[in-house]
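Letter by letter, the chains look like this.
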Amino acid sequence: MIVRQVSPWGAGWNTPTASVAQMRRDMESLLERLTGGPQTDGSMAGVFPPMNVSEDRDHYYVRALVPGCDAAQLNVSVVHQTIAVSGTRQTPEEEGVSYHRKERADGVFSRSVTLPAAFDGTRVEATYADGVLTLTLPKPEAAKPRRVTVQTS
Amino acid sequence: MATDKTQGLQTREARDIATTTEATRPGMLLTPPVDIFEDLNAITVLADMPGVGPGELKIDLHDGVLTITGHAAAREGSNEVPLLHEYPREETFQRSFTLSEAIDQEQIRATLKHGVLRLRLPKVERAKPRQITIQTG
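As you go down the protein sequences, you meet chains L and Z in turn.
Under our numbering, the first residue of the first sequence is numbered 383, with each subsequent residue one higher.
Under our numbering, the first residue of the second sequence is numbered 71, with each subsequent residue one higher.
Since the hints were made in silico from the structure, they are not lab data.
None of the values given here were measured: they were computed from a predicted structure.
Warning: the hint list may mix true and false statements.
Claimed, not checked - Derived DSS-like pairs (lysine-lysine); straight-line CA-CA distance at most 25 Å:
#1 K183(Z) with K193(Z)
#2 K193(Z) with K526(L)
#3 K128(Z) with K484(L)
#4 K183(Z) with K128(Z)
Use the sequences and the hints to build the structure in full.
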């Protein structure tokens with residue numbers, strides 16, 4: 383099982399780790415352009431499903447690419463700050479056929495990501511459309527940015 | 071160029087096409103993984119194209135070359151800040167197959183379900199032996 387820690391600093395913070403992470407992302411996107419796609423990137427080999435995680439003011443969003451699953455075969459569970467996605471992809475066996483190519487993988491997958499702050503686990507929404515599993519995780523009030531008025535004396 | 075051993079179908083990678091065409095849509099051009107299998111009546115192609123809706127899929131048949139193109143639009147809202155970025159925000163899946171005369175090009179059928187394209191390429195009905203009656207005049 384693959385566990386990946388999301389940077390606790392979030393994006394945009396001017397910390398040494400964030401700049402290194404940003405540089406790494408830039409290099410990866412440059413390499414993606416040069417080599418023609420993320421599939422050729424060896425560091426991602428075997429990591430399934432690919433996930434993008436993002437946030438706005440009120441929510442975290444986790445989007446995983448899991449084409450060819452049924453919604454009933456996908457499990458999403460939430461523990462503290464960690465969200466786990468698991469499931470099975472089963473392409474029905476075809477009778478009496480001969481395969482010329484078998485590039486698509488089948489089987490069981492499991493992956494979890496730890497988000498940088500707490501989220502409200504009771505109100506997580508999961509939708510599955512066009513092979514993309516989208517999780518919307520509302521941030522609790524305490525995790526939302528709050529505007530503080532600066533007063534002059 | 072990678073080719074199949076099938077008589078009816080050969081695959082060409084997106085890069086071969088990319089050299090002759092310019093990208094006109096934003097996002098990255100990717101080669102979707104495919105399964106290709108054959109039974110007595112048809113050749114079937116399955117292609118993973120997550121994020122591509124039915125309206126974003128184009129199937130083009132030109133000079134015996136079948137090209138599938140699917141566009142997965144960006145799903146992120148404009149206010150979202152990425153935290154983990156493993157696949158492109160926006161991507162175009164493209165792959166081409168060279169069809170032979172043995173495929174009935176009029177009867178090609180495509181369905182898209184849960185981000186998987188299923189293309190059915192029926193073979194041409196084989197010429198059946200016929201009895202010819204000789205009439206005496």
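Each hint, compared with the structure:
1. K183(Z) with K193(Z): holds, 23 Å
2. K193(Z) with K526(L): It is violated: about 60 Å lies between the C-alpha atoms, which goes past 25 Å.
3. K128(Z) with K484(L): Holds - the C-alpha atoms of K484(L) and K128(Z) are around 23 Å apart, at most 25 Å.
4. K183(Z) with K128(Z): holds, 15 Å
Of the numbered hints stated above, the single one contradicted by the structure is hint 2.
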